[in-house]
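If you read the protein sequences in the order shown, they are chains B and V. Sequential numbering from 222 applies to the first sequence in this note's numbering. Sequential numbering from 243 applies to the second sequence in this note's numbering.
Honestly, the hints are just simulated from the structure, not real lab data. The beta-carbon is built from N, C-alpha and C at its ideal position, and this holds for glycine as well. Where hints are given, some of them may not hold.
Below, a list of computed lysine-lysine pairs in the DSS-like style, where the Cα atoms sit at most 27 angstroms apart [to be verified]:
1) V:305 - V:328
2) V:257 - V:305
3) B:467 - V:256
4) V:328 - B:241
5) V:305 - V:462
6) B:241 - V:306
7) V:328 - V:306
8) B:387 - V:446
9) V:306 - V:462
10) V:305 - B:241
11) V:256 - V:328
12) B:467 - V:305
13) V:306 - V:366
14) B:387 - B:467
15) B:467 - V:369
16) V:256 - B:387
17) B:354 - B:264
18) B:467 - V:257
19) V:462 - V:256
20) V:462 - B:387
21) B:387 - V:257
22) V:446 - B:467
23) V:306 - V:257
24) V:364 - B:241
25) B:241 - B:387
26) V:328 - V:369
27) B:387 - V:305
28) V:446 - V:257
Rough simulated footprint, nothing fancy, chain B against chain V, three-plus residues with beta-carbon under 8 angstroms [claimed, not checked]:
29) 291-299
30) 319-329
31) 341-349
Read off the chains here:
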Amino acid sequence: MMFNAFRSELIKLRTTRAPKVVLACAVFLPMIIQVLISMFGYKDGVVGSTVISNMSGSGPLVALLLGVVGVLCSTQEYSQGTIRITLVAIPHRFTVLMAKVLTMLVVSCTAIATYLAGGLALSQLVMNARGLKFELIGSYGRIIIGFFVLVPLLSILGLSLGIIFKSPPGAISAVLLWPTLIEGMIFGLLSVALNKNYFRWAPVQNGFQLVRDVMDHELNSWGIATAYFASFVSVFVVISFISFMKRDA
Amino acid sequence: MIVVDRLTKTYGAKKAVDDLSFTVSPGRVTGFLGPNGSGKSTTMRCMLGLDAADSGSVTFDGKKYSELDRPLTHIGSLLDAGDAHKGRSARNHLRWIAATHGFPASRVDEVLQQVGLQDAAKTKVGKFSLGMRQRLGLATALLGNPQIVILDEPANGLDPEGIRWTREVMRSLADAGRSVLVSSHQLVELSLVADDLVVIGQGKLISAGPISQFMTQHAKTWVHVVSPQFEQLAALVSARGGQVERTSDGGDFHGITAMQIGEIAAANSIVLHELAPQTGSLEQAFLDATDTAVEYRGDLSVTSEVAK
Chain B
222 MMFNAFRSEL IKLRTTRAPK VVLACAVFLP MIIQVLISMF GYKDGVVGST VISNMSGSGP
282 LVALLLGVVG VLCSTQEYSQ GTIRITLVAI PHRFTVLMAK VLTMLVVSCT AIATYLAGGL
342 ALSQLVMNAR GLKFELIGSY GRIIIGFFVL VPLLSILGLS LGIIFKSPPG AISAVLLWPT
402 LIEGMIFGLL SVALNKNYFR WAPVQNGFQL VRDVMDHELN SWGIATAYFA SFVSVFVVIS
462 FISFMKRDA
Chain V
243 MIVVDRLTKT YGAKKAVDDL SFTVSPGRVT GFLGPNGSGK STTMRCMLGL DAADSGSVTF
303 DGKKYSELDR PLTHIGSLLD AGDAHKGRSA RNHLRWIAAT HGFPASRVDE VLQQVGLQDA
363 AKTKVGKFSL GMRQRLGLAT ALLGNPQIVI LDEPANGLDP EGIRWTREVM RSLADAGRSV
423 LVSSHQLVEL SLVADDLVVI GQGKLISAGP ISQFMTQHAK TWVHVVSPQF EQLAALVSAR
483 GGQVERTSDG GDFHGITAMQ IGEIAAANSI VLHELAPQTG SLEQAFLDAT DTAVEYRGDL
543 SVTSEVAK
């Protein structure tokens with residue numbers, strides 16, 4: 222049943238336009254940026270950083286867009302009424318939820334793999350053609366792992382917010398505005414008001430820390446940031462699971 | 243067989259379904275009737291586990307919906323024809339549903355053909371008319387070739403040919419030994435296909451049983467009489483306690499049987515040109531049965547000053 226539910230979720234995502242467009246943007250937009258940097262950057266012929274370091278700058282963009290895909294994975298069911306058909310076909314709600322989580326994990330990991338492989342390969346081609354000396358990854362394997370932690374977690378956060386909000390506008394606003402605006406305001410103001418670095422505990426900023434080439438010392442270490450961000454996502458996962466299991470469809 | 247046993251569902255202070263019990267038998271089409279807001283859709287949602295009932299139970303051949311393995315092969319349902327992503331094609335809509343049970347793509351094509359949508363298989367649902375969406379909803383219900391079919395307003399928005407086709411589908415399913423529960427406001431259509439009726443009002447059961455039993459209990463009966471000596475007959479019938487209502491060609495007698503009128507006429511040498519027992523429609527019987535249970539009632543006497 223679980224495998225069938227997962228297949229069904231994949232078909233749902235593949236057969237509607239919005240998730241495909243956002244997914245394509247998440248993968249190809251930063252890839253294009255990376256190719257442009259490879260083509261037109263380093264005018265003096267000196268490459269001071271690894272290619273993966275440059276690519277890490279797009280990490281938050283990839284993650285936020287996959288968060289939107291997560292939102293669409295759940296909210297489209299409510300906005301289009303298909304949640305009723307889903308639950309009639311699969312009455313065990315936990316199976317439905319796990320299938321959605323698994324779908325987002327597979328989709329986000331595939332997206333990252335495509336972005337990283339495509340970005341690194343294209344950069345190598347272009348920079349080789351330009352005769353530049355460069356390192357692809359160097360000692361920054363941590364960034365690759367960070368991508369595979371941050372992006373799936375943020376996509377699951379989007380999925381959870383979608384289940385809680387049920388409507389795309391509310392959930393998309395939350396998944397985009399919280400990390401880019403609200404979180405900064407709340408923890409920034411707290412830091413100023415209480416004269417202590419509370420920004421260290423801004424959850425999604427800790428998530429973004431995972432793909433930084435230079436670790437931000439105002440934030441937590443890589444390990445603590447991972448645990449803290451994962452805990453933050455877990456809270457929303459639990460709330461969304463409880464509400465989904467109990468809610469009338 | 244579907245057994246609904248003392249089902250109760252409350253939303254806040256409102257009891258949407260109140261201690262409701264009825265059965266739906268195999269080989270029969272059971273019409274599910276009630277005024278707007280009477281709890282029909284809530285009952286259907288509770289039956290399918292979409293809404294959690296406060297108390298009571300619903301079983302399908304002895305099992306709860308959540309206990310069914312591969313539920314679409316047991317129960318097919320159409321709750322709302324609008325439950326489809328407008329940007330997805332009809333075929334893709336059925337494909338993701340089929341995938342939940344591992345049905346092959348060929349089964350999707352089969353049901354599309356069954357409901358007459360094979361030519362629109364690649365058309366997006368957003369471009370479908372309401373009638374086409376109903377057909378797609380029926381295709382969803384039939385996908386698993388189920389033994390029990392639950393349909394909420396399946397003929398809504400269909401053209402006359404589509405309505406007749408829906409009727410034939412329901413009849414053929416019942417004739418094949420399947421249980422069919424169908425809610426509809428198209429009472430004429432329902433009277434043509436239903437074997438049994440379950441009538442509810444304000445969440446409570448008003449009547450359940452064969453349609454003939456419902457008509458006997460709730461439909462008006464009278465006798466239409468045409469006679470050249472109508473006034474004489476009317477006086478005699480009135481004297482026996484019958485009520486007379488004149489029509490253009492004669493009159494209708496209430497509260498007395500055709501046999502009694504015939505005997506009165508014979509005893510008094512009254513010539514009869516027509517003596518026809520009449521029964522009211524299902525619509526009239528339904529309206530009479532649910533009159534006290536109507537929750538939303540219009541008032542045409544209300545007209546704003548602006549409209550005047």
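Take a quick look at whether residue 305 (chain V) and residue 241 (chain B) sit within 27 angstroms of each other, Cα to Cα.
40 angstroms, violated
Decide if the proposed pair is consistent with the structure: residue 462 (chain V) and residue 387 (chain B), CA atoms, cutoff 27 angstroms inclusive.
49 angstroms, violated
Residue 462 (chain V) and residue 256 (chain V): Cα distance at most 27 angstroms?
33 angstroms, violated
Within a Cα-Cα threshold of 27 angstroms, do residue 305 (chain V) and residue 328 (chain V) meet the stated pairing?
Distance ~34 angstroms between residue 305 (chain V) and residue 328 (chain V) Cα, so the pair is violated.
Does residue 467 (chain B) pair with residue 257 (chain V) here, judged by a C-alpha cut-off of 27 angstroms?
19 angstroms, holds
Using a Cβ cutoff of 8 angstroms, are there at least 3 residues of the region 341-349 of chain V near chain B, or does the coverage claim fail?
The restraint on the region 341-349 of chain V holds, since 4 of its residues have a Cβ under 8 angstroms from chain B and three suffice.
Starting from residue 257 (chain V), check that the Cα of residue 305 (chain V) is at most 27 angstroms away, please.
25 angstroms, holds
Run the distance test for residue 364 (chain V) versus residue 241 (chain B): straight-line Cα separation, threshold 27 angstroms.
18 angstroms, holds
For a C-alpha distance cap of 27 angstroms, please report whether residue 328 (chain V) and residue 306 (chain V) respect it.
32 angstroms, violated
What's the verdict on residue 306 (chain V) and residue 366 (chain V), does the C-alpha distance respect the 27 angstroms limit or exceed it?
35 angstroms, violated
Under the criterion that the straight-line Cα-Cα distance not exceed 27 angstroms, is the pair residue 387 (chain B), residue 257 (chain V) satisfied?
Satisfied, since the Cα-Cα distance of roughly 25 angstroms is no more than 27 angstroms.
Check the hint pairing residue 241 (chain B) with residue 387 (chain B) against an upper bound of 27 angstroms on the C-alpha distance.
This hinted pair holds, its Cα atoms lying about 20 angstroms apart.
The structure is inconsistent with the numbered hints 1, 5, 6, 7, 8, 9, 10, 11, 13, 15, 19, 20 and 27, although it conforms to all the rest.
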